[in-house]
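Novice: First to last, the protein sequences are chains W and G.
Quick note on numbering: the first sequence equals residues 1 to 235 in the working numbering.
Quick note on numbering: the second sequence equals residues 1 to 186 in the working numbering.
One or more of the hints may lead you astray.
Said to hold, decoys possible - Listed next, the in silico DSS-like pairs over lysine-lysine satisfying Cα-Cα at most 27 Å (straight line): (1) W:Lys222 - G:Lys9; (2) G:Lys143 - W:Lys129; (3) W:Lys222 - W:Lys194; (4) W:Lys173 - W:Lys82; (5) G:Lys9 - G:Lys143; (6) W:Lys129 - G:Lys175; (7) G:Lys162 - W:Lys222; (8) W:Lys222 - G:Lys28; (9) G:Lys28 - G:Lys9; (10) G:Lys175 - W:Lys222; (11) W:Lys66 - G:Lys9; (12) W:Lys129 - G:Lys91; (13) G:Lys28 - W:Lys129; (14) G:Lys91 - W:Lys66.
Said to hold, decoys possible - Simulated restraints on C-beta separations: (15) W:Lys66 - G:Glu62: 21 to 31 Å; (16) W:Lys8 - G:Ser35: 51 to 61 Å; (17) G:Asp184 - W:Asn11: 47 to 57 Å; (18) W:Ser130 - G:Thr19: 50 to 60 Å; (19) W:Tyr131 - G:Lys174: 41 to 51 Å; (20) G:Thr109 - W:Ile211: 41 to 51 Å; (21) G:Asn95 - W:Tyr168: 43 to 53 Å; (22) W:Glu195 - G:Glu62: 34 to 44 Å.
Keep in mind the hints are simulated off the structure, nothing from the lab.
Glycine included, every Cβ here is placed at the ideal spot set by N, Cα and C.
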Amino acid sequence: MIPKLDEKLKNDMIEQLHEYIDRHCLFRCNPDVHYNECCPVGKLPTTYRKDMSFQFFLRRLTHNSKMMTFVSSLFIHDLFDKMEQGLEYPNVQLCGLESSSIPIMIAMQAYCSRFNISINSFSIRKERKSYGLFNFVDGIPTEAPVVIVDDIINSGKSIMNCIDCCKYELNLKPAKNSYSIIKFNNHMESLKYKENVIDITSIFVVNDFNIKYDESKYWLPKDCEKIENKRADYF
Amino acid sequence: MNDDVIFIKNMIRSRCMITPSHNIMFGKLPGTRYSRQYYLANALYDQRFLEAVARQFYRTVEQEIGHFDFQITGREWSSCPLLTGLPILLKQLYNIHINSFLIKRERKTYGLNNIIEGCPNQLPALIVDDLCNSTNSFYHCEKTLAAEDIPQLEYIFAILNKHNSNIDTDKYCKKKALYIISGDQL
């Protein structure tokens, strides 16, 4: 079995994760910049707001092996603690929606392998493949209950998508717990969807971060399409 | 062939070579049909497979490139398990640190319209993928890296080269293809 995680080590990991996200994964829009130049526009047309002033780039964290080891150890220890308390099933497998969750699942598997524990995972697509096997799922699911993981949980739609796919495509039961690095809603302890109630365990909530513009923390990704439109003083 | 290559070969043969009973599948392009599909995603989510790939990656790089002063990249999202798994496992197994970042198929349509996920550094990039067939994904990565002024290594890496011999990578990108197993070995 996995040994207990030392509380001091756990707090240290959370602190380092917070520092990394704050420095590298949180884009704070400069209020002096015209919005049509670089303000993040929301995913849906209705979410376009002129005051939308930040965006999380958590893929920067999920492609950092050190940070992913921290994330996976926090998730795995929490999962196994709950299993020991009888709140969870003895065997579980991991699943997530498309590419945002893949690094988390792979890192959790790698962390488990340190303790000779094998844990299965598979990835769910948003849409069926349009050729070949027309599959919804990458990987080979087993019959174990499914723990859903994601990088950020906002509306919970990706979890709902996973639940639907597990239930109606694969005939699998979702486990009681799901994991994310950040959740948007402080009060979102669990998600009710159809007859399922899924507990959401997150390392951080958005309120843990100062999302206001800070000159010392302002950066832009170099591959940003509109970078040529930026004013010279932002480089 | 060492034990890892034999294990990878057996996993691909048992899990990833899909031949449907009706013997035909719709292809990617209009009018095309597949009688067999290599679907490496069925193995990439298996930890033992990924560990064997990491060990073989280490051996191949040590033999062919001779150093680990590079970062890895690949096109979403077939290479995603490799881009996460290889840095973590190389650190665990050999204490080697490798940076990785992901290249999107298209720019994001919202937010900052970025095409790269992750933090590229100054080291040259090695393009990795699960399967080497038309080399379209390598070509896409090469173009994106050039546009973003990220230096490139003169090699590409794939787990499976679908063709029987070393592919003619000159057709698209003038790089040497490193792979673990080729079509004629299956």
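Novice: Against the structure, test the hints numbered earlier, and report the numbers of the ones violated in rising order.
Specialist: 1, 3, 5, 6, 7, 8, 11, 12, 18, 19, 20 and 22
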